[in-house]
Amino acid sequence: MEMELEILQADERFKGVVNVRVPGIYVTRGNPLPKRMSKLVKPAVLALQKVYKDIVAEGGHLYLSDMFRSANDQQKAHEDWKSGRKSAYSPPSCNSVHEAARAIDIDAFDTMISHKRVREILNRYGWINIVATLTGAECWHYEFRQKRWEDFKTKNGYAEMARAMKKDIGNVTSLAKANRQMEDMKWVQSSLNKILKIHLTIDGLMGEKTREAVRKLQKKYRLQADGIPGPITRKKMKEILGV
1 MEMELEILQA DERFKGVVNV RVPGIYVTRG NPLPKRMSKL VKPAVLALQK VYKDIVAEGG
61 HLYLSDMFRS ANDQQKAHED WKSGRKSAYS PPSCNSVHEA ARAIDIDAFD TMISHKRVRE
121 ILNRYGWINI VATLTGAECW HYEFRQKRWE DFKTKNGYAE MARAMKKDIG NVTSLAKANR
181 QMEDMKWVQS SLNKILKIHL TIDGLMGEKT REAVRKLQKK YRLQADGIPG PITRKKMKEI
241 LGV
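Position one of the sequence shown corresponds to residue 1 (the UniProt record's numbering), numbered consecutively onward.
By construction, these hints were calculated from the structure, which means they are not laboratory data.
Some hints here could point you the wrong way.
Said to hold, decoys possible - Derived lysine-lysine pairs resembling PhoX-like cross-links, with alpha carbons at most 20 Å apart:
| # | residue 1 | residue 2 |
| --- | --- | --- |
| 1 | K167 | K147 |
| 2 | K209 | K220 |
| 3 | K15 | K35 |
| 4 | K238 | K219 |
To be verified - Label-pair ranges, simulated between beta-carbon atoms:
| # | residue 1 | residue 2 | range |
| --- | --- | --- | --- |
| 5 | R117 | Q224 | 27 to 35 Å |
| 6 | K82 | V56 | 47 to 55 Å |
| 7 | V243 | E58 | 58 to 66 Å |
| 8 | A225 | E150 | 47 to 55 Å |
| 9 | L46 | V243 | 48 to 56 Å |
| 10 | Y221 | E58 | 27 to 35 Å |
| 11 | K238 | N31 | 35 to 43 Å |
| 12 | N31 | I232 | 30 to 38 Å |
C-beta atoms are modelled at their ideal positions from N, C-alpha and C, and glycine is treated no differently.
Please construct the entire structure, taking both the sequences and the accompanying hints into account.
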């Protein structure tokens, strides 16, 4: 994949948000960031395209490790931080600009040009860095705040800004709802492990391994193999487990 950010189609679930294709760090460095993460508000995308153009012109790289997070993804990151599985701090759901499609995390260890220069280019186009001192535990976190920071920096603070940004795009998932969704998905994963005799990680996230396990169960019991644990699939799982 070339070192650039490509705009795809608008994301119909959120106001003013577009899906993008951007180099990530997963599987093989340079492969696109996973689709569930790859979305930003349009002004942030346009600014980031300029960032990529300038960094590439100077012989640099810009690989991302994170972008948009659902409420579930954000809460999982917070729980991982609390348990020690993740050393970099992540706030609980509803308190992160990642959920507002206005944040990115950068792999700061393969930029090819100085960190100072990368920061200067990002800052030039409105991307503000949160982590001033780079450590091995933290990719650089940048936010595209625009005027929202001015609205809240002297009044209600960072968390209120993040929640306001979420409302701006119509992302109204609450922490309580996110927790319910995670607990529900943990039941699905645990049930799949029992039925299929497999060893999915019980993390409450609908990742590709969980989706593939759902498809396997659906095929085995002659259900529509779409990988989605909908009402019919759940009914079959409960029937098999006798619950």
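Legend entry - Those earlier numbered hints the structure runs against, lowest number first: 5, 6, 10
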